[in-house]
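Asker: Okay, here's what each chain looks like letter by letter:
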Amino acid sequence: MTMEQVTAIDSSERTLQGRYLTFYMDEELYGMDIQHIIEIIGVQPITVVPEMPEYIRGITNLRGKIIPVMDARLRFRLEERDYDDRTCIIVLETGDVSMGMIVDAVSEVLELYSDDVDPPPEIGGGVADYIQGVGRSGDGVIMLLDCDLLLREGGDG
Amino acid sequence: MTKGYSNEPMLDIFIYETEQNLEQLEISILSSERKKKITNDAINEIFRVMHTIKGSAAMMMFDNIASLAHAIEDLFFYIREEKPKGLDPVDIYDLVLTGIDVFKSEIEMLKQGREPEADHGELIESIHAYLSVIKGEGAPPASIETAVAPPASDHYYLTPIQTEPVDGCTAYEALLYFDEDCSMENVRAFAIVHSLKDIASQCCHYPENLIDDSTSAEIIREQGFVIQIHTEMAYKELFDYFAASSYVRAVDLKEMALCGNGEEPGAVARTADAGTVEDATPASDDSRSSHQSIISVDVAKLDRLMELMGEMVIAEAMVTQNPEVAGLEIDSFQKSARQLQKITVELQDVAMSIRMVPLSTTFHKMHRIVRDMTKKLDKEAELVLVGETTEVDKNIIEHISDPLMHLVRNAVDHGIERPEERLRNGKDGRGRVTLEAENVGGDVLIVIRDDGRGLNRDEIYKKALKQKLISPDAELTDREVMNLVFAPGFSTNEAVTEFSGRGVGMDVVVKNLEAVGGTISIESTPGQGTATIMKIPLTLAIIDGMNIRVGEAIYTLPTISIKETFRANVSSIVVDPSGNELIQVRGDWFSILRLHEKFDVEPDSRNLEDGIVIMVEQDEKYICLFADELLGQQQVVVKPLPLYIRQFKNIASLTGCTLLGDGSMSLILNVIGLIGSDGRIRRDES
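Chains as they are written, first to last, in our numbering: chain Z, 172 to 328; chain P, 44 to 729.
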């Protein structure tokens, strides 16, 4: 087997894991599969819904469509923070369920290959329950969130 | 036409028409069965419907449906022509109803996109067997074929005209020639005959058998296609109509002399087989001519229309209540805004009315259920319908037909006693089940009443105890005990019968009703009967709402449930030992529910005298809500809360949410949920 053939096999094995939108929460970088993301909007008025857990901020009107809004910081038991002009709502959708997720700031869209992604850490609790993998890019790590799990599970995390 | 149905719209039309025909047929069979005899009208109608089904099923290549229809048609052909004596109407009707059931299940299969079931040989056999029985035992089965086989197509055979010409109708005979290269003349001819149904009261044609008989195409090609019709159309109109039909090359249209007293017109006299003419009710002609002003529309389009109407209402509010123009006094704007408002409301009424369907179809289906059940259970009962023209939203009808069926079954099974028992108790041996519908404000009340034995309070109580639905020390009113029958898993019937007793029925009824925001209750007098009352909102989509404000939050209350609003006076408020606040209004005491506490928001003021008290009522339960301010009345479009939230928790105090004029949102309060959430808050008679 010649060297050329080996490199050819190598590059085909570097299959694309997916494209991820990365965003910041509490100085940490998180990623989410872009196929679940509908759009990114600025913070807009939110109507409080009673009897909901604290991390469900309420509901908002997205051009006639009403979606619930979740504060990702509260969801992952991070410290609450006032919204500023970099705060964004990422609109997610899986199946029939739509949801807005408030994050500190969005960063960029990254392509990650399967060998860039490590399995999630074994430790549980808080955000770790919703991590489907840890991506490496440059010298940083990105915690990749499992959107299905996040939207399906109404529990207390 | 090739095998299968590349032609979806054709299939839709087939399903739709066949359903309509079957429904109509079932209704008329049941009504003539009540008269205990087979009327000529009924025979003709069955024959006509079966003929139509046979024809259209054959066209759609559903041979099994066609052959069953053919068998029934044969039977009634014989009955109509020979008028055999001593027929038992019940047997005949049973046979036809079984046939209808088979057709219905086939249609259901087609709707689900599956091929119709294979073979109905057995049923066809039994129909043939019956036919040979009524022909007299001696008749060998082989002769059936020859006796009922359609007359050979080499001579004129026209369906006997069944009614006298209606006033204003003229009889015409048309000879049509098709384009030479059009091929499939028989199908073209069939299409024309089919379209004529709308404009002509009667129609017969030669060759008679267009679809089944392959030679018909040739006959048409050589001799032309003969149609005789009765219609209100003028000669010129009709001529143009034929000339405009596709592939028609030449038209030869003749006016025929009208015949009196059921004699066939001269041209028709060519038919050797023409039977005597029966008088049909003119009503059937009316129903036929009214068809042309009705079109069937895809429900999805109506849903879309309703959705757009909702957006329109919101957009209208956004314009007319725009904060930028709120303070300005512009006469011309106000005038146009009012005009817009008026038109929007009218448009909305029309859009809603399109979706409104009378309950009669649903109600009439119950005749069949009562009939089947009384036969099987050896009881006697009649079904009386009151106010069946009451209209409700189509979506709602779909949700209530199952509950209604359960309740009617229950009424016959549990309610109505056996004739002996009824006579012993001094009642008419024939039981009576009444279905009533009426509009009450924004709701429709549907009452299922029977004059049977009524509910046994003690038995229900014992049963509920046994099934651990209540605790032994619970003190319950009669009404509360009665309503235990709606609890999941409850059944008083010891034996599980074919019709009821499994204890799932009532549970399903309640669930179905809750899905459309309806409620159910039961009233009963032992020995005199039971009434089950369903209360269903007229429509779910748009309600009249009153917006109220608590701090920064805006809520919407259905205007219909608001009784009055007033400023509270401290002297009329007391606090009971458990900390509940009560307010006295004209001698009655009502509980106060502070919305800011309920929904955990920061109000302008916690002082009851600063805000406003809103008394709301639902199902004769009252509660006083405390809010900061009334904002005004508005039509709101009820939108469900997002799925995620509904999956998370069912919030009893909220119906949904709505968009306000300025694009912000308000939550629509569910009055019954608010009342229920605070335990026993009722009108206190002290």
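Do not take every clue at face value.
[Stated by the list, open to error] Which stretches of chain Z does chain P cover? Using the computed rule of at least three CB atoms under 8 Å from a CB of chain P, they are:
hint: 1; stretch: 188 to 200
hint: 2; stretch: 250 to 258
hint: 3; stretch: 264 to 272
[What the hints assert, rightly or not] Straight line, CA to CA, 27 Å or less: simulated DSS-like cross-link-like pairs of lysine-lysine:
hint: 4; chain 1: P; residue 1: K418; chain 2: P; residue 2: K385
hint: 5; chain 1: P; residue 1: K80; chain 2: P; residue 2: K154
hint: 6; chain 1: Z; residue 1: K236; chain 2: P; residue 2: K344
hint: 7; chain 1: P; residue 1: K437; chain 2: Z; residue 2: K236
hint: 8; chain 1: P; residue 1: K437; chain 2: P; residue 2: K509
hint: 9; chain 1: P; residue 1: K385; chain 2: P; residue 2: K606
hint: 10; chain 1: P; residue 1: K154; chain 2: P; residue 2: K344
hint: 11; chain 1: P; residue 1: K692; chain 2: Z; residue 2: K236
hint: 12; chain 1: P; residue 1: K437; chain 2: P; residue 2: K511
It is worth saying that the hints were derived from the structure and are not from the lab.
The beta carbon of each residue, even a glycine, is placed where N, CA and C say it ideally should be.
Asker: Take the hints in turn and mark each one as holding or not.
Answerer: Against the structure, the hints:
{"no.": "1", "hint": "188 to 200", "verdict": "violated (count 0)"}
{"no.": "2", "hint": "250 to 258", "verdict": "violated (count 0)"}
{"no.": "3", "hint": "264 to 272", "verdict": "holds (count 4)"}
{"no.": "4", "hint": "K418/P - K385/P", "verdict": "violated (55 Å)"}
{"no.": "5", "hint": "K80/P - K154/P", "verdict": "violated (35 Å)"}
{"no.": "6", "hint": "K236/Z - K344/P", "verdict": "holds (20 Å)"}
{"no.": "7", "hint": "K437/P - K236/Z", "verdict": "holds (24 Å)"}
{"no.": "8", "hint": "K437/P - K509/P", "verdict": "violated (40 Å)"}
{"no.": "9", "hint": "K385/P - K606/P", "verdict": "holds (26 Å)"}
{"no.": "10", "hint": "K154/P - K344/P", "verdict": "holds (18 Å)"}
{"no.": "11", "hint": "K692/P - K236/Z", "verdict": "holds (20 Å)"}
{"no.": "12", "hint": "K437/P - K511/P", "verdict": "violated (38 Å)"}
This entry does not satisfy hints 1, 2, 4, 5, 8, 12, going by the numbered hints stated previously.
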